[in-house]
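Visitor: Sequence:
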Amino acid sequence: MVALYQKLLYLYPRFYRQQFAEEMTAVFRDVDEEARRRGSIITMKFYVREAGGLLRGAVTEHFRRIFGSQIPSPLFPMRFTMRPGFRFPKSTSFLMTVILAGIVLAIDKAEAIRTALPADIAPVGPMWAPHVNILTTIVLTFLLVDFVAAVGWVVLFALHRSGVQRLEETSSAPERS
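So the sequence shown is numbered by our numbering: it starts at 11 and just counts up by one.
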């Protein structure tokens, strides 16, 4: 059945299929195994539901491809769709750290230049309070930026979860009492 499912994925647009086919197949394979363990009726219900969902999803994605992703599909307006725009590259945190390190070094160099100037030159612009250390300010800024980034990531993650995460929270068949 997995081979048939993989063939049916060709109903989706090529770009969507390249982005999500592997994940969709893996989820289908996992839920298929679980449904088979629960019995043939549950397995058949699962196949019917998945075939319908696959066809609806393919029609919706073709609609989005033709008319744009911002226009909701008139056929399935409330359906959650995965879009690659919300995925972050794994290198993002590393690059942000490198950029922050560059900023810290630039601030440190500017501080060294400021202290190297003669004391009789009148200060220009706001001056730091004597009890505030530049290193303390940098560390506090770094912690604040990390906190804001973590909150943003949590919000985006909660709003745009992948199909695997949503499927882990649902049951493939109703629980038997």
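It is possible that some hints are incorrect.
[Said to hold, decoys possible] Below, simulated EDC-like cross-link-like pairs (lysine to aspartate or glutamate); rule was C-alpha separation at most 16 Å, straight line: (1) Lys55 x Asp42; (2) Lys55 x Glu33; (3) Lys119 x Asp130; (4) Lys17 x Glu60; (5) Lys55 x Glu43; (6) Lys55 x Glu44.
Since the hints were made in silico from the structure, they are not lab data.
Visitor: Does each hint fit the structure? Answer for all of them.
Guide: Consistency of the hints with the structure:
1. Distance restraint check for Lys55 and Asp42: the Cα-Cα separation of roughly 11 Å lies within the 16 Å cut-off, and the hinted pair is therefore satisfied.
2. Restraint check: the Cα-Cα separation between Lys55 and Glu33 comes to about 21 Å, which exceeds 16 Å; the hinted pair is violated.
3. Straight-line distance between C-alpha atoms of Lys119 and Asp130 comes to about 21 Å, which puts the hinted pair past the 16 Å bound.
4. This hinted pair checks out: Lys17 and Glu60 have alpha carbons roughly 13 Å apart, not beyond 16 Å.
5. Restraint check: the Cα-Cα separation between Lys55 and Glu43 comes to about 14 Å, which is no more than 16 Å; the hinted pair holds.
6. For the hint pairing Lys55 with Glu44, the CA-to-CA distance comes to about 13 Å; that is within 16 Å, so the pair holds.
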